[in-house]
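K.L.:
Below are the chains, spelled out letter by letter.
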Amino acid sequence: MEQSVSSILDTYQRDPTQLMDILIDIQSEAGYISDQAIEQAALGLNISKADVEQTRSFYHFFSKKPRGKYSIYLNTSVVACMMGRDTVARTFEHETGIPFNSVTRDGLIGLFETSCIGMSDQEPAAIINDRIFPNLTPFRAKELIRDIKAGKTMDELIVEGFGDGQNSNKDIRAIINNNIRKIGPVLSPDYKPGKVIREILPKMTPGQVIDEVKNSNLRGRGGAGFPTGMKWELCRQTESSEKYIFCNADEGEPGTFKDRVILTERPKLLLEGMVIAAYATGASHGILYMRHEYKYLKKYLENLIQGAHKRKFLGKDIAGIKGFDFDIRIQLGAGSYVCGEESALIESAEGKRGEPRDRPPFPVEKGYLNQPTVVNNVETFCAAVKVLLNGGNWYRSFGTKDSTGTKVLSISGDCRNPGIYEVEWGFSVNDMCEMAGADDLQAVQVGGPSGSLIGPGDFDRILCYADLSTGGSLILFNHTRDLLQDVVLNFTSFFIDESCGSCSTCRIMPVLLRNKLNKILNARGMNSDIVDMVNWAKVLKASRCGLGQTAANPIVSSILNFKHLYDQRIRGGTHYDMGFDLNRAIQEAGTATGRFPLME
Amino acid sequence: MQKPVIATTSLAGCFGCHMSLLDIDERILELAELVEFDKSPFNDIKNFTRQCDIGLIEGGCCLDENVHVLEAFRKNCRILVAVGECAIMGGLPAMRNGIPIKECLDEAYLNGPTVRNTNEMKIMPNDDELPILLDRVYPCHEVVKIDFFLPGCPPNAELIWNALNALINNSEMDLPYEVFKYD
Amino acid sequence: MGKVSTFTIDGVKCMAGEGSYIVDAARQNNIYIPTLCDVQGVPPKGACRTCTVRVNGKLMTSCTSRVHDGMEIENNVPELNDLRKSIIEMLFVEGNHLCPTCEKSGNCELQALAYRYAITVPRYPFLFPRRNIDFTHPRIIKDHNRCILCKRCIRVIKDKDGKNIFAFLNRGFKTRIYVDPDLAENLTEELAQKAVDICPVGAIIKRGQGFETPIGRRKYDKHPIGSELEE
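Residue numbers (the numbering used here), protein chains in the order written: chain V, 1 to 600; chain P, 1001 to 1183; chain R, 2001 to 2231.
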């Protein structure tokens, strides 16, 4: 390993800002990151072990202990659980003889849990050695473990056919299906890749490009909805010789998977969008930051980037425009939801912990390596291409006045047709549910855990920035679901797992709230517990980033919209109860001393 | 008018808080005029003889017995005051919180430097007459409702005096900065 | 210092150098904004959120935000004070803060803020996490029970080559401070003392040194934190 750490360091020119790639390679080669490797990396990069450790320990997919020749990461998301994840998990445990978060004694198989992996339309799903195994059943889990034990290779483990579209591409070869249910003007295949670069950009000044995007009223599709044209303009206005375009493909909001499909089926559209942004802002470097869960797409995308170089869509003097140089590289994440926040994403790309930055300064002024940086969502870049192709006026003809254009939605949960839908802004939740083939719904989670949980009374609300804004995820729940136990508790745990830990508020409060929620679920709740949760949650508004600020949304929005579910669990009303249970409290000492007194 | 009745106890505490109450010096005579004491180590009354107005609790709950005493206080006192760090947050005894009981008992009776060579029979006290340890030390308000909290280790005598006066006279509690301390 | 900005804090007219951080600007105008993680003159991190103020209805940390002309800042108002109080209470329940046993008691900024807000008991249940005391280093002891993860040591203490000695390990509720074993081994006496002094709580203490100042003569025994600005 000593030899290979050294050569890995050389691959990245011993550049400490490439620490993510270095650690990913070490992890992938050795199956873990040993103390020795950390020491060697620190030495080679001329930083302290503390510097390496702080990055290493931040990310879910980095480990100091071997994670098994076959590392199985089973999704724990709400949708995965709804689709039978727990029986699959028990089968894995039974067949391997080990509990989750451990490795078999022979080092062959490791079982681990992981947050939503972007497969909500085909859950339960697991990642095994960077490849995705969707639609798992107990039978399939049993088969997988037996095949692994029988010495089969990764390729031999795949007995299903490959998925539709590019999922069968030789560079992907995944069992995944796209589940594209509805295509609109942005995802429409009716366009010639590179046309905007070759035919339109040379005729426009960067200022005109920005004006056209502004005219379209396109807003960020990641969820926050910042006007794209304005972002580009702010970056253009910041003087610097080095500027960066980041594509945020760190789609981590549970229930969201639309970027996975775009990266699979419309990657050229996305790359073209990045080139347009580069032209508009004067940037010469592009970084596609993609979540580690989508590593199976890396080779495919890298080949496409190479192809774009050959066809002069990337490289020097693009489209014959003198001095317009732009390249794109892929930066993988390593398992962290908060890295989807743009400044955390930049920190991560610099080889650091994915901790959001204090703002201002905003990335458009001081971003990657302190240079002006634009971070846009995958879908935003795609929409920008169509805006340039057909004009801002054309784009504005879709959607509503304030929310122009379309949105690609990821719909999953209790419906007949989970998948992605490109729809104009302005439709109601009801419309969406009907389209997805869902009836008898109890609730819909709009915008993932950081969004809100709404009931049928709100299903006529409209998807748009002014009413129900969303990064694109809708999770549907029918009446068989226990919203508090299956949904709210799961989401709250998700926020606890994914907090970066930097703000006191987000580090501590979700833990306190989960304890309260558990107290209520364990039939020890008081009325005042509900009031407390709403009041306590307010402190989260003082957190630095969106993760912290929204970490109590599952609890607060369910109290707001499903108060009766809480009331049902409150017994005794106002009787003082902090959850203390004498019988339970003496169990441990009773066992330790061999006494089992009978309590009156 | 009937004098207010006070009861006091030390649960998992060191009696330091009781000592601090005595630190009000000559005002103890004044206090004796103002109130009567029921169950308390001060007078060695073991059981409640009547309904009390104020219960002063020192120490947290470390044993089942502490829980029973505390519950009796809640039943027999109109107002309960948690006096001192141990009653409020477990205090020093709570340093064991987070450590499994087995580990604590093994250290205390089998492996600790003072017992390692003397407890040859490896006896772990387990007589049914002994109170039984709780899995951790509980602050009093996690077991019963507590009405007031007086911090300190021990709380300054002035603080206790102020608080008692306020409770007796039903007036606003004064917590002066100089005597409001956690140590 | 170039231009001067005029702004208000709770309606009081203030002036400070353009671009200074709100917390420093307030201090220059004898207005106290409670802080924990902030260290004057060191790039801020906004970790503890104690110094949160409100500007145009928006919450922001005053250690990381800069003043500009016409800014109207809300500071000493009930809602923000309760927010700060609740943050202090959270920090108390997150760790194991046994003030009576702590060498820093009386000089501890977390404790001092709790005194200032007259916290008798946190509104949150104590979490009693199991945390270690790391006494493997020759000059310092790192007591994780008392650590509030303010990042002061991370930001301030660097070795002679500018390398980090302290760093965050893990994330979320499992976050703790990592001490680089090699660099801690070679920590100078001076730097060790600096680390002890910079820690707002008693999470970094000097090896072989116990209680120093008698009760009654410690920093916050007589006067609340921040009162020096308010007289």
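The set of hints was computed from the structure by calculation and includes no laboratory data. Be aware that a few hints might be false.
Derived lysine-lysine pairs resembling BS3-like cross-links, with alpha carbons at most 25 Å apart [stated by the list, open to error]:
1) Lys298(V) x Lys268(V)
2) Lys2163(R) x Lys64(V)
3) Lys538(V) x Lys2206(R)
4) Lys352(V) x Lys2003(R)
5) Lys2219(R) x Lys2174(R)
6) Lys64(V) x Lys2206(R)
7) Lys2174(R) x Lys541(V)
8) Lys401(V) x Lys214(V)
9) Lys2194(R) x Lys2206(R)
10) Lys170(V) x Lys268(V)
11) Lys1122(P) x Lys519(V)
12) Lys1003(P) x Lys1102(P)
13) Lys352(V) x Lys2158(R)
14) Lys519(V) x Lys2174(R)
15) Lys366(V) x Lys2003(R)
16) Lys2058(R) x Lys541(V)
17) Lys2194(R) x Lys366(V)
18) Lys65(V) x Lys2174(R)
19) Lys352(V) x Lys2222(R)
20) Lys310(V) x Lys192(V)
21) Lys2163(R) x Lys366(V)
22) Lys2174(R) x Lys352(V)
23) Lys538(V) x Lys2174(R)
K.L.:
Indicate, hint by hint, whether the structure satisfies it.
P.N.:
Going through the hints against the structure:
1. Between lysine 298(V) and lysine 268(V), the direct Cα distance comes to roughly 14 Å. Compliance with the 25 Å bound is thereby established for this hinted pair.
2. Proximity of lysine 2163(R) to lysine 64(V) is assessed by CA-CA distance (about 22 Å); at most 25 Å being required, the pair is judged to hold.
3. Under the criterion of a C-alpha separation no larger than 25 Å, the hint pairing lysine 538(V) with lysine 2206(R) is inconsistent with the structure, at around 38 Å.
4. For the hint linking lysine 352(V) to lysine 2003(R), the alpha-carbon distance of about 36 Å lies beyond 25 Å, and the restraint is violated.
5. Among the hinted pairs, lysine 2219(R) with lysine 2174(R) is inconsistent with the structure: their alpha-carbon atoms are about 32 Å apart, more than 25 Å.
6. Of the supplied pair hints, the one linking lysine 64(V) and lysine 2206(R) is violated, its CA atoms being roughly 30 Å apart against a limit of 25 Å.
7. With a CA separation close to 21 Å, the supplied pair lysine 2174(R) and lysine 541(V) stays within the 25 Å bound.
8. For a cut-off of 25 Å, the pair hint linking lysine 401(V) to lysine 214(V) stands: about 14 Å separates their Cα positions.
9. Our distance criterion of 25 Å between C-alpha atoms is met by lysine 2194(R) and lysine 2206(R), whose separation comes to about 10 Å.
10. For the hint linking lysine 170(V) to lysine 268(V), the alpha-carbon distance of about 17 Å falls within 25 Å, and the restraint holds.
11. In summary, the hint linking lysine 1122(P) to lysine 519(V) is not supported, as the alpha carbons are separated by about 39 Å, beyond the 25 Å threshold.
12. Using a Cα cut-off of 25 Å, the hinted pair lysine 1003(P) and lysine 1102(P) is violated, with the two alpha carbons roughly 48 Å apart.
13. Pair hint lysine 352(V) plus lysine 2158(R) holds up; C-alpha atoms about 17 Å apart against a cutoff of 25 Å.
14. The straight-line distance between the Cα atoms of lysine 519(V) and lysine 2174(R) is roughly 22 Å, inside the 25 Å bound, and the hint therefore holds.
15. Of the supplied pair hints, the one linking lysine 366(V) and lysine 2003(R) holds, its CA atoms being roughly 23 Å apart against a limit of 25 Å.
16. Annotation: proposed proximity of lysine 2058(R) to lysine 541(V) holds, straight-line Cα distance about 10 Å (limit 25 Å).
17. Proximity of lysine 2194(R) to lysine 366(V) is assessed by CA-CA distance (about 31 Å); at most 25 Å being required, the pair is judged violated.
18. For the hint linking lysine 65(V) to lysine 2174(R), the alpha-carbon distance of about 18 Å falls within 25 Å, and the restraint holds.
19. For the given pair, lysine 352(V) sits about 43 Å from lysine 2222(R) by alpha-carbon distance, which is inconsistent with the 25 Å threshold.
20. Taking the CA atoms of lysine 310(V) and lysine 192(V), the gap is about 17 Å. The hint holds against a cut of 25 Å.
21. Pair hint lysine 2163(R) plus lysine 366(V) holds up; C-alpha atoms about 23 Å apart against a cutoff of 25 Å.
22. Taken as a hint, the lysine 2174(R) and lysine 352(V) pair is honoured in the structure, with Cα atoms around 18 Å apart against an allowance of 25 Å.
23. With a C-alpha separation of about 23 Å, the suggested pairing of lysine 538(V) with lysine 2174(R) holds against the 25 Å cut-off.
In summary, the numbered hints that this structure violates are 3, 4, 5, 6, 11, 12, 17 and 19.
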